[in-house]
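Engineer: Chains as they are written, first to last, in the UniProt record's numbering: chain A, 1 to 238; chain B, 1 to 238.
There's no promise every hint is true.
The list treats identical chains as one, so a pair stands whether inside a single copy or across any two.
[As the list claims (entries may be wrong)] Computed cross-link-like contacts, PhoX-like style, restricted to lysine-lysine with a CA-CA straight-line distance of at most 20 Å:
#	residue 1	residue 2
1	Lys186	Lys224
2	Lys233	Lys106
3	Lys118	Lys65
4	Lys118	Lys64
5	Lys118	Lys149
Simulated from the structure, these hints should not be mistaken for laboratory data.
Number of protein chains: 2
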Amino acid sequence: MTKSQPKYRIIANKILENIQDGTYPLHEFIPKEIDLADKFQVSRPTIRQAIQILVSEGYLARRKKSGTWVQSTKMTQGFTHMIKSYSDEMGEKGVIPKTEVLNLTKITATLEIQSALKLSVDDTVFALTRLRFADEIPVVLVTSYIPTKYLPDLDQHDFTKESLYHTFKDHNLALRHASRELEILKADETTAALLQVSLNDPIFYFHTITYLDNYAPVEYSIAKYRGDLNSFKIEINQ
Amino acid sequence: MTKSQPKYRIIANKILENIQDGTYPLHEFIPKEIDLADKFQVSRPTIRQAIQILVSEGYLARRKKSGTWVQSTKMTQGFTHMIKSYSDEMGEKGVIPKTEVLNLTKITATLEIQSALKLSVDDTVFALTRLRFADEIPVVLVTSYIPTKYLPDLDQHDFTKESLYHTFKDHNLALRHASRELEILKADETTAALLQVSLNDPIFYFHTITYLDNYAPVEYSIAKYRGDLNSFKIEINQ
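Excised from the complex, chain A in its bound form:
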C-alpha cells in the first residue's frame, strides 16, 4: 500500500516508528526540523507536514517557544466524543483504512440484544462482524447488531467497501445519540489472533447503543480496540 501514500505520510510513519520504539521517548523533545530533514533526506516542508499529521493524530504536541515533544505513543481515537464512520476518522488522520467482513448474517435477537435495542422475543437482527485496519495494522474488531426492520437488505451491501453509517444515512436514518460503556477485557485466543496481539493482552471493550432522532435504538455494537495502539480523548464541560 505504501507506494500510494504521499511522501510526508511515509516520513510521518518513520517518525512514528521512532516514537513507538522509544528512539524519541514519551514526554521528551524530538529533534529539530532541520535535523529531521537531514536524517530522512527530505525537505523541511515535508518534515513540517509529517509533524503536523502526528500532532493532529495526538502523538506529538508543540509549543512555539519550546519545540515539539512526544505527547502519546498511541493513536488518539475520536470514538469517545463523536459518532463517525471508521473510514472517515482514519481518512482525517491520513492513514489508510481497510475493513474485512468476518460475518454478516440474520439472527434472532438474544436477551442481551433485545434489551439493548428494545426488541421483542421474535425480532431479528443482522449481526455484522468487521475487523478494521489502519495502514495494514489491525486496530479494532467490532460486531454490530442492527434490527432487520430498519434495513431489510443490509446483507446485500459490501461492507469491505461501504460504511455502515453511510448506509444508515443513505436510508435517511440520522444518528443523533450514542451511549457507550467502556470496560477492559483480556484478549482470548480468537481476539488475540484477529487483532494480532498476545493471549490475555488488554483490550478496550466498548458496548454502544446508537439512537436515531426519536431515540429509537438502531445499532448495538461491541467493539474491541487494541490496548497497545489506541488512546481515547474525553472532553467534559460543566
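Could you slot chain B onto chain A? The hints should help.
Structural biologist: For chain B alone, coordinates are given in the frame of chain A:
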C-alpha cells in the same frame, strides 16, 4: 465498617457478590423479589431498595414486563462525563469511600507537568498521591499536580478527610472543563500491590487536565482505575 451500613446496603452487597461470582450471570435475569426476600431472610421493601441501589450503580437493569437482569459486573464510574469529587460520587452510589494519602510534597515541575499546566521551568507544584477505596476495596490510585501559586498552603490540608475539589471550591477556584486521555496500562509491582491486583493486570490509565473558568489549567492528574472493578459510561450527542 459494615455495622454502620443500612440493611438494604448489606443485602445489595450480598447480591453484588453473587453477581461477581457468577451465581447471577451477566445478561441473565436474577430471581424474583419474593425469592430473594426468602433467600436473604429480609422484607420485600429491603430487597427492592437493594435492587434500586444496584440499578443506580449500573450492575442491574430492569424492564417492567420482563424483570431484572445483570447488566454489568462492574461499578459504573461517572469520571468520563463529569467533574466530581470521588467522595461525592461514592456517596451517591451508597458505598463508603476511604482515602489514604501516600504522598503530598512540593516539587519543581517536570517538562510533562510544565506542558500540561502551562508552567515555566522554575514553577513549583504540589504532588498529591492518593489511594481511594469503596467499601474497603481499593478502586483508584491517583496522583494530582497542582501549581503552588493557586493554593500555597495545600500541604496543610488533610486529604484523608478533605476533598481536593471541595478545597478548590473553598478558595473560589471553579472547575469548568476537563480534558481526559484514556489508555490501558499493565500494573507494575507498585500499582499491583497498592490496588491489590496481580502483576500485569490491566488498568484504566487516565491523564486529565482540569481547567478553571478562564481556561487556566489548575490540576494535572494521572489516575489508575482497577480494570476488573470499574466501567465508564460515555454519552455522545450530535
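Engineer: Each hint: holds or not?
Structural biologist: Hint-by-hint comparison with the structure:
no.	hint	result
1	Lys186 to Lys224	both (10 Å within a copy, 17 Å between copies)
2	Lys233 to Lys106	neither (34 Å within a copy, 29 Å between copies)
3	Lys118 to Lys65	between (55 Å within a copy, 12 Å between copies)
4	Lys118 to Lys64	between (52 Å within a copy, 12 Å between copies)
5	Lys118 to Lys149	within (13 Å within a copy, 53 Å between copies)
This entry does not satisfy hint 2, going by the numbered hints stated previously; all others are met.
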